[in-house]
Amino acid sequence: MASSEPEPAMLGPFLETLIGGLLTGVLYSLVALGFVLIFKASGVFNFAQGAMVLFAALTLARLTGAIDGREVHLVHFIVAAAILGSALAFVAWYAWREYVARGGGAIERRRILLLAAGGALIGGVVAGAYGKGSWPLWLALPATAAIMGVLAYAIERLVLRHLVNQEGIILFMATLGIAYFLDGFGQTLWGSDIYKINLGLPKDPIFLLEGVFEGGLLVDPGDLVAAVIAAVLVVVLAVFFQKTRVGRALRAVADDHAAAQSVGIPLDTIWLIVWTVSGLVALAAGVIWGAKLGVQFSISLIALKALPVLILGGFTSVPGAIIGGLIIGAGEKLSEVFLAPILVKQFNLAGGGIENWFAYVLALIFLLFRPQGLFGERIIERV
Amino acid sequence: MLYREAGQFKTSYGADQQIFPILQDRIFVLLVIVAAFLVVPAIASPYLYTEILIPFLILSLAAIGLNILVGYCGQVSLGTGGFMAVGAYAAYNLWLRAPEFNNLIVVFLFGGLMAAAVGILFGLPSLRIKGFYLAVATLASQFFLDWMFARVKWFTNYTPSGSVAVGKLEVFGVQIDQPVERYILILAIVVVATVVAKNLVRGHIGRSWMAIRDMDIAAEIIGFRPLRTKLSAFAVSSFFIGVAGAMWGFLRLGSWEPLAFDINRSFQILFMVIIGGLGSILGSFLGAAFIVLMPILLNQLPGWLGVKMSTALLSHLEFMVFGAMIVFFLIVEPHGLARLWSIAKEKLRLWPFPH
Amino acid sequence: MSARARSFNEVLLSVEGISLSFGGVKALTDISFDIAKGEIRAIIGPNGAGKSSMLNCINGFYHPQQGAITYKGVRRSQMRPHEAAEQGIARTFQNIALFRGMSTLDNIMTGRNLRMKTGLFWQALRIGPAEREEIEHRRAVEEIIDFLEIQHVRKVPVGQLPYGLQKRVELGRALAAQPELLLLDEPMAGMNIEEKQDMCRFVLDVNDEFGTTICLIEHDMGVVMDISDRVVVLDYGRKIGDGVPDEIKRNQAVIDAYLGVGH
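If you read the sequences in order, they're chains D, S and A. Under our numbering, residue 383 is the last one in the first sequence; the count climbs by one each step, no gaps. Under our numbering, residue 355 is the last one in the second sequence; the count climbs by one each step, no gaps. Under our numbering, residue 263 is the last one in the third sequence; the count climbs by one each step, no gaps.
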């Protein structure tokens, strides 16, 4: 970009990069949304979101049997069956408990246990039926969702419940611990090969606006579909937060734990819901990313890119996460394509790669002028 | 019975303000230092030096540095690795380009000072950004510095591989080569640095840091200048971290590339601080010992149990156990090993008559 | 104890036409009053009247949009909080603002921060000037600890102290700065009768012994009328009364504000 006026010849690549960046940005938004959900409802800065994305993607990849030239081990399916079974059991148990709580009549503990065992059995049978081959997507997807639900439950039960009322930094460290655990656990369970998730999306690039630019603008349809899925999810979540009873309870908890509890909002349940939802968001991000780049360990790190989105958009703002994601996605791609070559030439660098930090620096500079983020309210400090 | 402070009366404010007001503590610490200087070299093997003692001491220093920033001044930082890298590469370039300064003390001090300067630069946003926003902002420094040392060729002296190596090392004309020599040098530096850190945190400057940590608004109203205070914490913290980074490069690795100081290093040091205890110099040592020893023990475990494991599986398991241990520790004692230690001491003071 | 008839000539601080708003919300509207050197000046008013905002303006934490404050003959429209501290204004807070992780002793030592000058180098070594300075200020702080009768909690982290003692430590921290003007934001809120009596005694002693000018916000009318020389009354960010306690007691606007006559 030597000249200040973009020439028509530059406009095509510029738009192409911009669109590519925006589409990637939607994915950042999706990961950032997971962070925002948990931060809003529990004040936990969840560093494990990236690890959850990886875990979800690995699970799905393994269940659909999308392993290049490797045979499927029975043991993995037994584990999957056990997890799926307990997930079903848990769901059944939870439904029963709700039913009882709403006055559906008392029920004995023994029967709940029986029910749970039944759920596990069904899960086992289902998994066993597919144990020798790969699972179809329509089965693998809900199974993975169930596993993410169980994971969320375990995190809430085993970790967060014991850390209620601790300082933010302690909770943050705990999620770092969870992230390490999940990274290890996912790879122990599912192996650490690079998997590919096949969603059956069209692969051939499509060209837009061929009349305007020579050769048109090249857009990856996979990105486009991903962006649409992400956008739909974002809308659903926004509605969930603003319009439903649970959403209202979530916002109440976010404002003040103790006050919310005192008006009878069950904190445990709310946190469980939040973690489950963010687990599902992680699944969506994992699937899309997995389909795009393949499932590998680095997904866990790519998710770190959602962090500048957070400081740009604010930790508690859903629209902030979306707009921030788009800005970061576009900014980072544009900088890599247009700014990096200039830097490399000017300073004789050993390669570009400035997208590793550009987003952070962008967000940081922005913060200096507007510390509350894009959509945060100005804080009036009191003493 | 031996650990009693009864009968030890303080007759001056000076005596009351010592680092260790209790006589038995003074004797104990003195014994530990003497043993570290005299007894350890008589019995330790090269493995013990290179895999345990040297990493432990260097990372303790880095943890002290980070603890000053996070534990005492309340500014969460995820950029420790980056500041260690600044120390290491600054020291390397001085050593390389100015052979007349081939004295490791000078080289390390230079590394520390450069890290302090960079720390001040990246600490500037702390005036306007607080809490986790700041933590994420410090990631910017981590990724930028990582990138800078990998891409700007001058820092690595244009080596094609991007990795750098140091050769002949001296301190005041004495050659430093054998593990035991490196160990003694590191130990001496760490002891001095620890005393300095302890002096700072128990004096006026330490109080200003803690005031900002506990309630920044009130601190400003009673006269502390927030920017100056925070930047002094960033500077001192980065200085220690920079020296630790330089020692890590020169005395632990010998040759290294930017990957040695990536974000995992930042997390590792942060774990040490949290597990050891926020706002505790002793805790920094305990945390470092824990984090250094745990993977070593984990690697030994399958051998002891007689189970064979692939290295990939072992490293995944290590991740799992590591994560689980951290969570477990936070649940059991969020204030870290240092708190456990002081509880134990409190019990010991009263033992055997707890009431 | 009844209202004390004392007279003061020299004005230490005067507030002229201060207005402060947050966005569209007006916290203070055109407030003017003065504080004489050596007096005990009370600011009263119902909740949300803008009393704390007024103190925040005086010590530079809030910056009023209009008006100016003249302190020791220097007129200014804005200053930073630490500048106010440097010029001898100290304060306590409505909700205790102690440094919870530090001991009583360290908290009060922070009050002397503006008088501690040794640099990083000497502090790092902690010999010579650094150690001398520390001991010198420790001596001054111990006097305050004796004065406030909190010797027994000297080394206890303040987070563990009961409320009444925390309030006392906070007063100690403000006193350690040896201020000319001491702002007290509800020093007796939430205390029982005995604690209030103690606190009253401390406030009066500070005023008598050190000649410190005091401006305090308090809801307990008995206390206010007893110990203050003059009272200013705020309601909805406006000044509705100003004078000696006996005048205030008879002021119809004040009575209306407290009894809730519609506006």
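If you are wondering where the hints come from, they were derived from the structure by calculation, not from laboratory data. Hints may contain errors.
Claimed, not checked - Below 27 Å or equal to it, Euclidean Cα-Cα: the simulated DSSO-like pairs (lysine-lysine) are:
(1) 10(S) x 155(A)
(2) 155(A) x 347(S)
(3) 72(A) x 37(A)
(4) 37(A) x 198(S)
(5) 117(A) x 155(A)
(6) 10(S) x 198(S)
(7) 130(S) x 198(S)
(8) 168(S) x 153(S)
(9) 243(D) x 40(D)
(10) 130(S) x 40(D)
(11) 155(A) x 345(S)
(12) 196(A) x 155(A)
(13) 198(S) x 347(S)
(14) 153(S) x 345(D)
(15) 347(S) x 10(S)
(16) 345(S) x 10(S)
(17) 40(D) x 196(D)
(18) 308(S) x 198(S)
(19) 198(S) x 117(A)
(20) 117(A) x 196(A)
(21) 117(A) x 72(A)
### Message
Could you work out which of the previously given hints the structure breaks and list their numbers from low to high?
### Response
The structure breaks hints 4, 17, 18 and 20; every other hint is satisfied.
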